[in-house]
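Here the protein sequences line up with chains A and B, keeping their order. In this text, residue positions in the first sequence follow our numbering: the first is 57, and each later residue adds one. In this text, residue positions in the second sequence follow our numbering: the first is 5, and each later residue adds one.
If you are wondering where the hints come from, they were derived from the structure by calculation, not from laboratory data. Wrong hints could be hidden among the right ones.
Anything over 12 Å on all C-beta distances counts as not near chain B; from chain A, calculated [what the hints assert, rightly or not]:
1) VAL70
2) GLY156
3) SER157
4) VAL158
5) GLU161
6) LYS163
7) GLU164
8) THR165
9) GLU167
10) ASN168
11) LYS169
12) SER170
Short derived list, chain B residues pointing at chain A, Cβ under 8 Å [stated by the list, open to error]:
13) ILE42
14) PHE75
15) ILE79
Distance windows between CB atoms, simulated [claimed, not checked]:
16) MET9(B) x ALA119(A): 19 to 25 Å
17) LEU153(A) x ASN65(B): 38 to 44 Å
18) ALA15(B) x LYS95(A): 42 to 48 Å
19) ARG115(A) x VAL47(B): 20 to 26 Å
Idealized CB from N, CA, C, for every residue including glycine.
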Amino acid sequence: MSETIGYIMISIGVLFDILGCVGLVRLPDVYNRLQAATKCVTLGTSVILLGAAVIAFGRGLDAFAIKALICTIFVLITSPTGAHALARGAHKSGVPLWEGSVIDEYKETEENKS
Amino acid sequence: MNGLMSIFIWALAGSSFLCLYRIAMGPTPPDRTVSIDILGTLVVGFCAFMSLITGKDFYMNIGLSWALLSFIGTIALAKFLERRSFDE
Numbered sequence: 057m058s059e060t061i062g063y064i065m066i067s068i069g070v071l072f073d074i075l076g077c078v079g080l081v082r083l084p085d086v087y088n089r090l091q092a093a094t095k096c097v098t099l100g101t102s103v104i105l106l107g108a109a110v111i112a113f114g115r116g117l118d119a120f121a122i123k124a125l126i127c128t129i130f131v132l133i134t135s136p137t138g139a140h141a142l143a144r145g146a147h148k149s150g151v152p153l154w155e156g157s158v159i160d161e162y163k164e165t166e167e168n169k170s
Numbered sequence: 005m006n007g008l009m010s011i012f013i014w015a016l017a018g019s020s021f022l023c024l025y026r027i028a029m030g031p032t033p034p035d036r037t038v039s040i041d042i043l044g045t046l047v048v049g050f051c052a053f054m055s056l057i058t059g060k061d062f063y064m065n066i067g068l069s070w071a072l073l074s075f076i077g078t079i080a081l082a083k084f085l086e087r088r089s090f091d092e
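Next comes chain A alone, as it looks inside the complex (with noise of 0.2 Å):
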């Protein structure tokens, strides 16, 4: 029983994994890749190491399911900071939105500051 819902899980994250890469390569601009890329890829990663973790306590291996926990909360809570030191990385360092973008509220809020 264990086994099935954490294979389903594992599924449900490789099939999530493969979404946001096929977005990392399609996507014309560096914050709509930084957008899909990271979120599709930290949600599969998590529900792969969540359901690793179903699996390995169906089977008795306790080390590896509190192992996986507490790298799933480790992934949920850095992979978006980092995306979001990027982000902010990319528009300091000058690279131009995608000519199709419509706002550009970071930009608006440093004018009005200074």
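Given chain A, put chain B in place with the hints provided.
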């Protein structure tokens, strides 16, 4: 279940190749940095798969330290892109 695990591993390998394509062809440095970050997150999933296949738990130690080092590397590269010093 061995065939199912090989399908999962090949799917993650395909995702990694898409990331490598973006690292090779990315027009600006932030594109490459984003791809490196995503590739580091995918490797954690590989570590979980290896631990499930072999039944040994030290692969998850590798995954934990890989996530930590990938996060530190991403923060350092973001600081470098912002053109600020590291102790600020």
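>> Checking each numbered hint in turn, tell me which of them this model violates, lowest number first.
In response: 1, 18
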